[in-house]
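J.: Take a look at the letters that make up each chain.
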Amino acid sequence: MSIIIVDHLVKRYGDFEAVKGISFQVDKGEVFGFLGPNGAGKSTTIKILCTLLTMTSGKALLNGYDVNREPLKVRQSIGLVFQDYSLDDRLTAEENLYFHGMLYNVPRALLKERMEQVLAMVELTERRKDLVRNFSGGMKRRLEIARGLLHHPQVLFLDEPTIGLDPQTRSAIWEHVLRLRDELGITVFMTTHYMEEAEHCDRIAIIDHGEIVALDAPKALKEDIGGDMVTVTTTNNKQLAEEIRQRYGIPVVEDGTVLRMEVEDGASFVPRLAVDFAGMITSVSVHEPTLDDVFLKTTGRAIRDELLDEKERFRQRRLGRRRGR
Amino acid sequence: MLESVLKTIYVIWYRELIRFFREKSQWAGMIMQPTLYLTFVGTGIASAMTFRQAPGGTPVDYMTFIYPGIIGMSVLFTSMFSGISIIWDREFGFLKEILVAPVPRWAISVGKALGIGTIVSFQGTILLILSPFAGLSLTLWTALKVLPICALVGFAIGLLGISIAGRMESMQGFQLISNFLTMPMFFLSGAMFPLHSAPQWLQVLMVIDPLTYGVDALRNAIYAGIPEAQAILQHSIAYDLSIVGLFSIVTAATGVTAFNRQG
Ligand SMILES: Nc1ncnc2c1ncn2[C@@H]1O[C@H](COP(=O)(O)OP(=O)(O)OP(=O)(O)O)[C@@H](O)[C@H]1O
Ligand SMILES: [Mg+2]
Chain A
1 MSIIIVDHLV KRYGDFEAVK GISFQVDKGE VFGFLGPNGA GKSTTIKILC TLLTMTSGKA
61 LLNGYDVNRE PLKVRQSIGL VFQDYSLDDR LTAEENLYFH GMLYNVPRAL LKERMEQVLA
121 MVELTERRKD LVRNFSGGMK RRLEIARGLL HHPQVLFLDE PTIGLDPQTR SAIWEHVLRL
181 RDELGITVFM TTHYMEEAEH CDRIAIIDHG EIVALDAPKA LKEDIGGDMV TVTTTNNKQL
241 AEEIRQRYGI PVVEDGTVLR MEVEDGASFV PRLAVDFAGM ITSVSVHEPT LDDVFLKTTG
301 RAIRDELLDE KERFRQRRLG RRRGR
Chain B
1 MLESVLKTIY VIWYRELIRF FREKSQWAGM IMQPTLYLTF VGTGIASAMT FRQAPGGTPV
61 DYMTFIYPGI IGMSVLFTSM FSGISIIWDR EFGFLKEILV APVPRWAISV GKALGIGTIV
121 SFQGTILLIL SPFAGLSLTL WTALKVLPIC ALVGFAIGLL GISIAGRMES MQGFQLISNF
181 LTMPMFFLSG AMFPLHSAPQ WLQVLMVIDP LTYGVDALRN AIYAGIPEAQ AILQHSIAYD
241 LSIVGLFSIV TAATGVTAFN RQG
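Here the protein sequences line up with chains A and B, keeping their order.
Just so you know, the UniProt record's numbering puts 117 at position 117 of the first sequence, and the rest follows in order with no gaps.
Just so you know, the UniProt record's numbering puts 218 at position 218 of the second sequence, and the rest follows in order with no gaps.
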């Protein structure tokens with residue numbers, strides 16, 4: 001059963017088409033991921049599904065409710081962690097949760113219990129009486145995730161939930177999210193830049209320039225690539241890229257300091273490569289395709305560049321906030 | 001549905017109060033401003049100008065005349081500028097949390113306006129405590145009449161501030177527009193000086209200034225038992241409150257739709 005149905009969704013900002021008629025469905029209980037570079041239209045799509053933004057054309061159903069016509073029902077069905085912070089940092093952790101619970105009409109007796117539960121889940125029980133403004137970025141994020149789960153939504157939207165968090169926190173958050181999915185059967189719709197996070201998803205859609213360019217289980221997407229990925233470091237990337245392209249007739253991508261190429265059979269390709277370009281190749285490695293490679297192939301860009309940009313942006317945003325105070 | 005609306009109104013009101021009482025500078029501003037007005041305008045300027053008599057040759061001194069006006073002024077400024085918290089909330093992302101909640105948006109405006117009304121009646125209390133400095137001795141009964149008037153005026157003007165802030169993107173824009181509205185409202189209300197002798201067109205503006213009735217209601221409440229002060233009253237308290245009530249319906253109509261269109 002599909003809990004989210006999106007049909008030819010279009011969003012235009014003036015002349016600019018940010019989302020270009022995408023269609024997809026998400027099953028109940030699924031962890032569904034949106035993977036895409038900056039400006040791909042991920043947040044825009046999420047905001048439309050959450051009724052925070054109106055679509056230009058198309059149709060979207062969430063939990064059976066039309067996003068345009070029954071916004072209150074849709075909002076009652078969802079929990080949301082925004083890409084940017086959305087806590088009141090003059091309130092304590094507990095007060096933020098209380099505020100949320102009241103807005104979502106969680107019964108009083110249940111609210112207390114749920115607050116304790118979610119605070120324990122994100123390990124903030126001891127800090128519950130502290131003002132959020134004294135929290136670190138990671139703590140704020142964890143609190144937001146706790147808040148998004150407080151009312152046991154049908155669908156939890158996570159827009160880059162773990163950006164800027166350390167790996168431990170990230171994996172802890174994932175543990176919680178997956179456990180909730182198993183225990184409560186909630187559906188998770190998320191966007192991410194982290195490949196290992198995308199691996200947790202049951203299915204991912206790769207979105208670029210407002211269009212879905214691939215949509216499948218991570219495993220299937222990787223298998224689609226077929227052969228092996230060969231990564232080479234050389235003495236002169238530019239020149240070698242061109243020569244390898246010409247000699248074997250395969251696409252070669254310059255990715256930072258390495259060249260990457262996709263070949264049918266790595267085991268037989270590498271010895272040939274080593275002989276043909278003897279002395280110019282400093283290292284070779286062969287691996288099965290990863291989501292990195294899928295991303296590279298479908299968008300023509302490496303996700304790691306995006307990741308760095310994103311981290312930088314995150315940092316600047318936090319600095320900006322502090323200055324703004 | 002009803003339960004959810006009531007909870008929304010309550011929790012928005014509650015947050016408004018928490019945030020207010022936690023912010024020390026707001027407290028300070030709230031007490032300092034009227035104190036300054038009372039000292040400098042009430043005593044300083046009045047004596048410098050030897051303008052001790054209230055207009056119309058009534059036997060009240062200038063301090064008696066402006067004291068209710070200063071309460072009105074404080075209520076006006078505090079409630080109008082409280083709208084700015086909406087712009088902060090938008091800037092810091094918290095507004096999204098409110099807007100995505102499954103609650104009707106008018107309830108958000110109402111909760112906020114009730115919060116503002118509560119804060120200004122608290123402010124009114126502090127000003128009543130300062131009344132001995134104005135040479136007045138007030139009864140508890142007076143205080144009980146003054147506070148709801150403050151709350152009503154604060155609610156009405158708070159909704160006006162919300163209507164503006166809900167539709168503005170920038171702090172500067174909000175400040176510009178609310179200054180543009182509060183300054184004339186204040187000066188034309190007769191809070192600081194009477195406009196009896198003002199030209200016709202000014203008197204017309206004064207009649208349509210809603211704060212005129214707020215200030216007059218306060219004077220009514222404060223000087224109820226003082227015969228010689230009756231001359232500075234314009235209307236009956238019932239009349240004043242009806243006009244303020246009507247005004248709050250108008251601002252409510254614009255205030256409750258302030259968030260309707262946005263994301
Ligand atoms: N309010 C707006 N007005 C005009 N253009 C906008 C607006 N919001 C977003 N856009 C544009 O729409 C495009 C998609 O933005 P969106 O925020 O959905 O990207 P995203 O996939 O979430 O990117 P990121 O990974 O950087 O968060 C971008 O090109 C952005 O500049
Ligand atoms: Mg985004």
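Take these hints with a grain of salt, some might be off.
[Said to hold, decoys possible] BS3-like mimics (lysine-lysine), calculated; alpha carbons at most 27 Å apart, straight line:
| id | chain 1 | residue 1 | chain 2 | residue 2 |
| --- | --- | --- | --- | --- |
| 1 | A | Lys-140 | B | Lys-24 |
| 2 | A | Lys-219 | A | Lys-238 |
| 3 | B | Lys-7 | A | Lys-112 |
[Said to hold, decoys possible] Coverage of chain A stretches by chain B, computed from C-beta distances (three or more under 8 Å per stretch; other residues unrestricted):
| id | stretch |
| --- | --- |
| 4 | 79-90 |
| 5 | 102-110 |
| 6 | 241-249 |
| 7 | 290-296 |
[Stated by the list, open to error] Some chain A residues near chain B, calculated using beta-carbon distances under 8 Å:
| id | residue |
| --- | --- |
| 8 | Arg-69 |
| 9 | Gln-76 |
| 10 | Val-253 |
Source of the hints: derived by calculation from the structure; they are not laboratory data.
Ideal Cβ placement from N, Cα and C applies to all residues, glycine included.
J.: Just pull the numbers of the violated hints for me, sorted ascending.
T.: 2, 6, 7, 8, 10
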